[in-house]
Structure formats: structure tokens, C-alpha cells
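Visitor: Given chain A's structure and the hints, the job is docking chain B onto it.
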Amino acid sequence: GNSVTQMEGPVTLSEEAFLTINCTYTATGYPSLFWYVQYPGEGLQLLLKATKADDKGSNKGFEATYRKETTSFHLEKGSVQVSDSAVYFCALTTLSTGANSKLTFGKGITLSVRP
Amino acid sequence: GAVVSQHPSRVICKSGTSVKIECRSLDFQATTMFWYRQFPKQSLMLMATSNEGSKATYEQGVEKDKFLINHASLTLSTLTVTSAHPEDSSFYICSARVSGTYEQYFGPGTRLTVT
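Which chain is which? The protein sequence lines are A and B, in order.
Counted the way our numbering counts, the first sequence spans residues 1 to 115.
Counted the way our numbering counts, the second sequence spans residues 116 to 230.
Everything labelled a hint here was simulated from the structure, so no lab data went into it.
Treat each hint with caution, since some may be false.
Subject to a maximum C-alpha distance of 25 Å in a straight line, what follows is the list of computed BS3-like cross-link-like pairs (lysine-lysine) [said to hold, decoys possible]:
{"no.": "1", "chain 1": "A", "residue 1": "K102", "chain 2": "B", "residue 2": "K129"}
{"no.": "2", "chain 1": "B", "residue 1": "K129", "chain 2": "B", "residue 2": "K181"}
{"no.": "3", "chain 1": "B", "residue 1": "K135", "chain 2": "A", "residue 2": "K77"}
{"no.": "4", "chain 1": "A", "residue 1": "K107", "chain 2": "B", "residue 2": "K156"}
{"no.": "5", "chain 1": "B", "residue 1": "K170", "chain 2": "A", "residue 2": "K107"}
{"no.": "6", "chain 1": "A", "residue 1": "K102", "chain 2": "B", "residue 2": "K135"}
Ranges of calculated distance between the beta carbons of each label pair, as one might list FRET restraints [said to hold, decoys possible]:
{"no.": "7", "chain 1": "A", "residue 1": "K60", "chain 2": "B", "residue 2": "S120", "range": "16 to 26 Å"}
{"no.": "8", "chain 1": "A", "residue 1": "D54", "chain 2": "B", "residue 2": "K179", "range": "15 to 25 Å"}
{"no.": "9", "chain 1": "B", "residue 1": "K135", "chain 2": "A", "residue 2": "T70", "range": "42 to 52 Å"}
{"no.": "10", "chain 1": "A", "residue 1": "T51", "chain 2": "B", "residue 2": "D142", "range": "17 to 27 Å"}
{"no.": "11", "chain 1": "B", "residue 1": "F154", "chain 2": "A", "residue 2": "A17", "range": "26 to 36 Å"}
{"no.": "12", "chain 1": "B", "residue 1": "G168", "chain 2": "A", "residue 2": "T26", "range": "39 to 49 Å"}
{"no.": "13", "chain 1": "A", "residue 1": "G29", "chain 2": "B", "residue 2": "S214", "range": "16 to 26 Å"}
{"no.": "14", "chain 1": "B", "residue 1": "T197", "chain 2": "A", "residue 2": "K56", "range": "39 to 49 Å"}
{"no.": "15", "chain 1": "B", "residue 1": "P123", "chain 2": "A", "residue 2": "Y39", "range": "11 to 21 Å"}
Think of the CB as a built atom: it goes at the ideal place given N, C-alpha and C, for glycine as much as any other residue.
One chain only, chain A, in its complex shape (with noise of 0.2 Å):
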């Protein structure tokens, strides 16, 4: 079956600091993999995405690279600010345009950025 696993939290950065969040993924089939972030009180908004082997998605200052030999979706940012403040959540579907594309999250990971 399909799983993800991010790093544990909480994360707490100060401001400009460089972030990494560690996502690892197992799948069957070929999986397009997101990153998604949470703000307070509110559903989730795609963040950026990747469909294949070596894409880069980015979006806002992060940037994620969708690595096949080790099966990884790391996010990153070189400068955080205080309104980077929320929940990210790593996740996989390995149904492109099928019926079901059901989405597979990880547990979430929350990053506090001090000003």
C-alpha cells in the first residue's frame, strides 16, 4: 500500500532561518507527490506539486524535488517568515485521472516561525 512519512514536529524557526521538512514516501505504481499547508482554522491549499521523477515543484519560496532512488519529497525554503506559520502536509496519489484519486497524507508537521 501507499504511505508517508514526515519528520516529527513541532518545528520552530526564527525568522530568515532555512527550512527543511523531511517527507519519505512508499508506493505502488508511479506516484505524483504534494506538498500541502494548513494555516489556522482553515482547510488545506496546495502548496506545489510533482509528477514525476526529478520535477521540481515550488511555489511561495518553497521548493521540493521528487527524488525516485530515495523515494523523497523534502520541502524547502531558504528564508522563512512569520507567516510561513502552519501545518505542512506531505502527500502521494498514485491515480492520475482514474475514478478514485485518493490522496495519502502524512501526519502533518507544524512550523512555528519567531519573529
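Guide: Here is chain B on its own, set in the frame of chain A:
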């Protein structure tokens, strides 16, 4: 584009009553919608997959008679929590899959509190 709304955003109800939550895709058609439940500081748990015009597919352990799902149109799915009990209190989130793609867009969530 790709906006999903949920209504209500918060609801408080008495034990034994039923509550209906609506999920709408505002600017796209969604043949498939998903309903998730999220407990505090935890990941999303997929409850069921809702396909327009057909019966929902429930995940193992989810009571279909308690969580009634109706997907009557390409832009609307509803979740009814019947005979609610305090243990049903949770954050319920829906997502909608853009027809023909694997991308899911999430609603802002509904906070249900059963007293």
C-alpha cells in the same frame, strides 16, 4: 480559480440531532469529491469518496448510515451527520477533484461541536 466552499463553517448542535454540511465547487465541475475528518493536531482521515450520481464509497470503519453523503450535482456534495454524538465533534473537510485530472482542491472546513 478552483475554489471550494463549505457551509457552515461552524456548527453547534445538541446530541441526537442531525447536521448537514455542504461542499461546493464554485468555478469548476467535480465528478468526485472527498470527505475527510481531522482531529486536533492530527492528519486528515479520509471518510468517503463521493461520485456524482452514484453511491459514495466509504472507507473501512466509517458508518455509512451515520455519515450520509449525497452528490447530486457536479458542483455540490453534502455530508449529513445523523444522530450526532459528542464523539462526532471534529473538523470536517471536503475536497473536489477537477474532472479529468488528479488535482484536489480543499474547502475551508467545518467545525462541528456536539453538546
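Visitor: At the C-beta level, are D54/A and K179/B separated by a distance inside 15 to 25 Å?
Guide: violated (42 Å)
Visitor: Taking the CB of P123/B and the CB of Y39/A, does the distance hold inside 11 to 21 Å?
Guide: holds (19 Å)
Visitor: Between the alpha carbons of K102/A and K129/B, is the straight-line distance 25 Å or under?
Guide: violated (33 Å)
Visitor: Decide if the proposed pair is consistent with the structure: K170/B and K107/A, CA atoms, cutoff 25 Å inclusive.
Guide: Given that 25 Å is the threshold and the Cα spacing comes to 29 Å, the pair is violated.
Visitor: Indicate whether the distance between the beta carbons of G29/A and S214/B respects the range 16 to 26 Å.
Guide: holds (22 Å)
Visitor: Would you check the hint for K129/B and K181/B, treating anything up to 25 Å between C-alpha atoms as holding?
Guide: Holds: K129/B and K181/B sit about 16 Å apart, inside 25 Å.
Visitor: Does K135/B pair with K77/A here, judged by a C-alpha cut-off of 25 Å?
Guide: violated (40 Å)
Visitor: Check the following: the C-beta atoms of F154/B and A17/A are separated by a distance inside 26 to 36 Å.
Guide: holds (30 Å)
Visitor: Go ahead and decide if the range 39 to 49 Å is satisfied by the Cβ distance of G168/B to T26/A.
Guide: violated (34 Å)
Visitor: Starting from K107/A, check that the Cα of K156/B is at most 25 Å away, please.
Guide: holds (9 Å)
Visitor: Assuming the hint says 42 to 52 Å, is it satisfied by the Cβ distance from K135/B to T70/A or not?
Guide: Distance hint for K135/B, T70/A holds at roughly 45 Å.
Visitor: Are K102/A and K135/B close enough, with their CA atoms no more than 25 Å apart?
Guide: holds (23 Å)
Violated hints, in rising order: 1, 3, 5, 8 and 12; the structure is consistent with all others.
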